[in-house]
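Trainee: Go ahead and model the full structure; you've got the sequences and the hints to work with.
Residue-level listing of the chains:
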Amino acid sequence: MSRRLRLCVFGVGALGFAALLVWGLAGLASFGEFDGRYGQLLAHLTVPERKATSSISVTTFDFRGVDTLGEEFILFTAAVGVLVLLRIQRAGEDVAAEPARTRRPTADSKTLRSIAAALVGPVLVLGLYIVAHGHLTPGGGFQGGVILMTAFLLIYLAGTHLHMGRARPLDAMEISEALGAAGFALLGIGGMVLAGAYLQNFISFGMVGSLLSGGVIPLLNVSVGFEVMGALLVVLAELLDQRLLMRRDHR
Amino acid sequence: MSFLPYAVAAWLFLVGLYGIVTSRNLIHLVVCLTVVQASTYVLLLAVGYRTGGTAPIYADISTSRKVVDPIVATLTLTDVVVEATVAALLLSLAVQAHRRFGTLDPDELGAMRG
Amino acid sequence: MTAVQAVALIVVAFGGTAVVLARDPARQALVASVFGLSLAVLFLAFQAPDVALSQIVVGAVALPAMITLALRKVQRREEAQGDER
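Residue numbers (the working numbering), protein chains in the order written: chain R, 1 to 251; chain G, 1001 to 1114; chain X, 2001 to 2085.
Keep in mind that the hints were calculated from the coordinates and are not lab data.
Just so you know, even glycine gets a beta-carbon here, dropped at the ideal spot from N, CA and C.
Among these hints, one or two may not hold up.
What the hints assert, rightly or not - Facing chain G, from chain X, some residues (calculated, C-beta under 7 Å): (1) Val2004; (2) Val2007; (3) Ala2032; (4) Leu2039; (5) Phe2046; (6) Ala2048; (7) Gln2055; (8) Ala2062; (9) Leu2063; (10) Pro2064; (11) Val2074; (12) Gln2075.
Claimed, not checked - Computed list of lysine to any residue pairs in SDA-like fashion (alpha-carbon distance at most 20 Å, straight line): (13) G/Lys1066 - R/Phe31; (14) R/Lys51 - R/Ala132; (15) R/Lys51 - G/Asp1060; (16) R/Lys51 - G/Thr1103.
Mentor: This is the structure:
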């Protein structure tokens, strides 16, 4: 089918689709007049039943926890898919991977490198704070995990390496991703064993507003945070031919 | 005027779809897909909004205050992170296609052998 | 609908069009980063701070980084093949 013919078919289809879309959207409640009872019920049950103050976090991990389990495993599977595609490609590669002594993209700019190095600590602390306070303020595992990923990316931009003793940082990130995904599923099984239903809460709820409130929700936040950080770092490292999480004495 | 959020969501969807259909570069195609994803986020949050409502975080407001719907925010926030990783998967598929066929042009995939 | 929401919606609509119309992927990555930021402002105007937090980091940092890196992988392969010929 030639390109012009394809564009004509798309034009006709798009016009019809646009008409249907506008007709369908016009049937929605007017903007701001949404009267969904289920959402209001969940919002009002947050503080009395779960002793946590962020109703979005409680909805994500407690009331609709099974949906989040599914989304988390989509993330895990997509990261595994990227690894499989890019590593097999590199195994049979005729183009050499980036040489180990390549100048980093920020090698010429001392300002950029100093700023990046100075920001690693604060961003790390910010990420941990957002993961830990997910059930109290806006934040949680997903947001905090992405911020933690940014901290490690800043290490790469600062032109230095992550030193983790004898362990390879890339292995550590893969383990973090796997532990996060497994942790979520295992906490659900703990709910099944100790409280009767999958992902049911089995820890005491504590006081409203304290860091250890909300039952199982802080633990789920931590495991999701590890998983998101690990998955995104492993994906970015693979796109950089594993120069992102390299050990200093790369062999 | 109150139809503007839904109109913007519909517009983003159509413009992203146009970009996907007329794209000449697989990587450009994946980024147009993220525009289509953005249209679903706008639609979800526009549906859940309540006039005069505030964010459903009760850390500093009383529990009887009017809040926006928390369910659509839940759906959207997990979606944002997950769709980024799916986009990474599609980008690595594009890289793999370039390796097999030598070109990133969707019209020429399958015709050339790199 | 407040003025902030209306302005944010218009900026998002223009941003989405700009992302599609930027045909060169290297330039498109930058436009996508700005589009991600404008989406985050829109989410804040819709009283959803959690979503805005996710969108800021993902849309402005992670996604453009992935696009640029994938592009670089493709360009390195093209350079290597160009050297062979």
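Trainee: Which of the stated hints cannot be reconciled with the structure, identified by number in ascending sequence?
Mentor: 1, 2, 10, 12 and 16
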